[in-house]
Amino acid sequence: MATPLPTSGISNQRGSLPLRPADDVMDLERLGTLHPYRLSFMRILMRRIMNERWVIQRRMFDLDENGYGTAIYTIDAAHGRFSFVVFAHHLDPEKRSDRVIADQWDMTVTLCEGDVDEEQLQLLRQNVPLQEAGRIDARNIVLSRANKSSRNFDYVVAELAAGRQPALAKIAQVGYLYRTTAVYGSGKFGMADWQKVHLMHADFARPFAAEMFTCFMIRQFSLEQAESIARARSPDTAVPMDDAIKRYMGIGNATGLGMAPYLINHPQLISRWIEVRETALARIVEAGEASEEKFELLQSLLRKAAQHLAEIATDNEVQNQRNGVTKAELEEVSRWIENQRSINWSALLDKALLSWSYETQELINSLLTEMYPELVDELEDSLCVSESMNLIPDQRLTDIRDLIESRYGWALNIDFDAPGSRDVFWYRSLEKLEPRLGQCGVDPGEDKAIKIAVAYDVRQCYDRVCECLQSENGVSAAQFAIEYPELRSILRRIQAMSQSVYGDIHANLTDTEVLPINLLRCKLSFFGVSKFDPKSRLWVRNTMFQGAPLASDIGSDFADDWYFPVMPAIDQENAQSTCR
Amino acid sequence: MTELSSLLKRSFEGLGYCQGDYEDAAAAVVWLESRGMNGLDIIASTWPRLKSGVGIEVSFIADETGAEVLNANDSSVALCGRMVTDLVCAATVDKGYARIELLNCHGRRSILPSLAVCASRGLHAIAHWNDRNNLYLSSINAHESTPDLWRIPRQADDLSPATSLAIVCSDSWQPIETLATSLAGDHSGTRMESWLISNDMQVRYDSTIRHGLRIDPDLIRRLTTAADTVLVEATEQSRLGAGES
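Protein chains in written order, with our numbering: chain A, 1 to 580; chain B, 1 to 245.
Worth flagging that the hints you see were computed from the coordinates, not collected in a lab.
Since the model is a prediction, treat every value here as computed from it, not as a measurement.
Note that beta-carbon positions come from the ideal geometry of N, C-alpha and C, so glycine has one too.
Be aware that a few hints might be false.
[To be verified] Here are the computed lysine to aspartate or glutamate pairs in the DMTMM-like style, where the Cα-Cα straight-line distance is at most 20 Å:
| no. | chain 1 | residue 1 | chain 2 | residue 2 |
| --- | --- | --- | --- | --- |
| 1 | A | 448 | B | 228 |
| 2 | A | 188 | B | 206 |
| 3 | A | 95 | B | 228 |
| 4 | B | 51 | A | 447 |
| 5 | A | 451 | B | 228 |
[To be verified] In silico contact screen, one side only, chain A against chain B (beta carbon under 7 Å); selected entries:
| no. | residue |
| --- | --- |
| 6 | 193 |
| 7 | 372 |
| 8 | 429 |
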């Protein structure tokens, strides 16, 4: 008997929509090809900032001629006032590192509730530059830091100081001036817990909204700092950066393994994010009118996405190849649509499934969400979920066995006796608790492995349940948990996840072939980042907010079309003379 | 709270407890601490026992009356309370009413968050225990989020041991109320001396959300020392296991 398709649990007036099956969607290889989409967190945030006309003002900009010093921005959002505080430091180039274990940075920042008085500023000045080694309090929502892009920053400042605009072709290689290396929220280092943010700060009461906003402000400061240094260096010739080039400047990000355990430790939240994405897609397939106008729109989006892919600069051969294949396939998609007399979106997705790569399939899905804001945007209110892993104490072992077979078939299908299937372990390093990968039998720390091997634990639980059932049928989950306390955690996870639409990510994270970068890319796509530039299977550089409006654009018309950013079409010669 | 929860989980993991136990213990302590119920005091006062009591073994004891009796073997209720409450709830779903007595346990105030879980399952619950001078009574109605906690002078004829805890669960409120009245004895019908009622706990919780928690630095040091034992020494080789060299 075929497994029934999952249906969306998100309340809507359209009844229960059939969604894509979990075996397809939750496959880690596919999750590693997700692209940002209309409900990615940066997109939602920018819509709020622009539509609610937040007011962002510089309250302090106390920088010396080298750009070092303190800046404070005041943000009047729809529901409250916040302060963004920046400490810009001198940093020896040899100390500049993307690694979380670094202890000095070019810029350290925090996002606080309300105004910041002199006393609080002193406290922040003593602690924010220390990052993980400092302590802040529940008035702080986010703590972060960023380093200059050694390739771009000096070049841009020199050009502006000389009265020239930076060359777009050069900016396209690295589309940012600074790169964040960690963005902390949710109660770390004494900061406000998520419960506080969710209950008291409606402006940031969505997943990672405050963290994304902090990155947006780092980008804003980076642009203003570069201009400030250029002015100080050469007051007579310096020019401000052209706004179109500024918008093309994003904020870089380096993400490593630290992000990966989050996806495993918050399975209900991740399942919900996926469910929201799939619900958006299902709504479009069901109700999205495939008119001539929509086909034209899709064609133009395909061209834009292809250009975006072509402009990605990465040294990673695999990613380059994937981008090349996807770009070529997007051209096929375009031709295929052109040759159809009449199709619906369901036919396009069926064709994609048969003919094109995961990357292309998921890119098409992302583009479709851009075409139907009226079907998609309201889903942004469904991205939060109350997480709890409670045992269903009276559930009988026979039901638990059936549950594991129906929801965790993917885990039961893994051969844990096969060579390599249990060769990797994840552990936390004494260096800032950084998650790292070790090789079993080779690296020390196997006995301290992080509990991340969900698939293997499910197998253990299933085997024990089957064993118990051979002697007794009427045992409850609670009795089983007393008998086998070491299985209590995985048992309640199995039960809790059975109530989610998509369940756990389908992956064996202890396999020697595991690609953690797929976990990173999945999460980053929900953040809304673009231009994935893998540096190994363990970490990736990427770009945030490239193409997004600037703080100075708030109040202007907003088309909400900054996704898949491409090099702006501006006449640089003309721009030079205008700026002068 | 998130930070404290992470630290507690790592600490209990470092002390050798299994995943289900350290998740429950961290959740119980944070629940109490954030509601002004001094969850960390329970940990601080029983730290030597927690450090030596690796592995909790809750075991059934045959009871001729047919009641469920378990031996906690000197374990903290922070660690085993949830597990035992799950057992009471399962029996209540079957029979409408269930009672379990847990012997040889400490940190019994830690049962409060588990009672809240009972209520979230639509069941009414009460737990009671005593020390040398007082009887403690905590009850919650189905679907409420925070139990009441009462402290009543112990009755002269109360012979129950000062290391046991009784948990009763029902699918209706009436038997819980009857039991509470009976336990209150002479104090029934008069004003019982309340320690904290649910409203007070909610007020403390709201304050914790707004302002965070202040924690004794010495306890933080002890917890951190235990927590650090689950971390792995960094080497040049291990740095390669996380990315850029």
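Subject >> List of violated hint numbers, smallest to largest >> reply: 3 and 7
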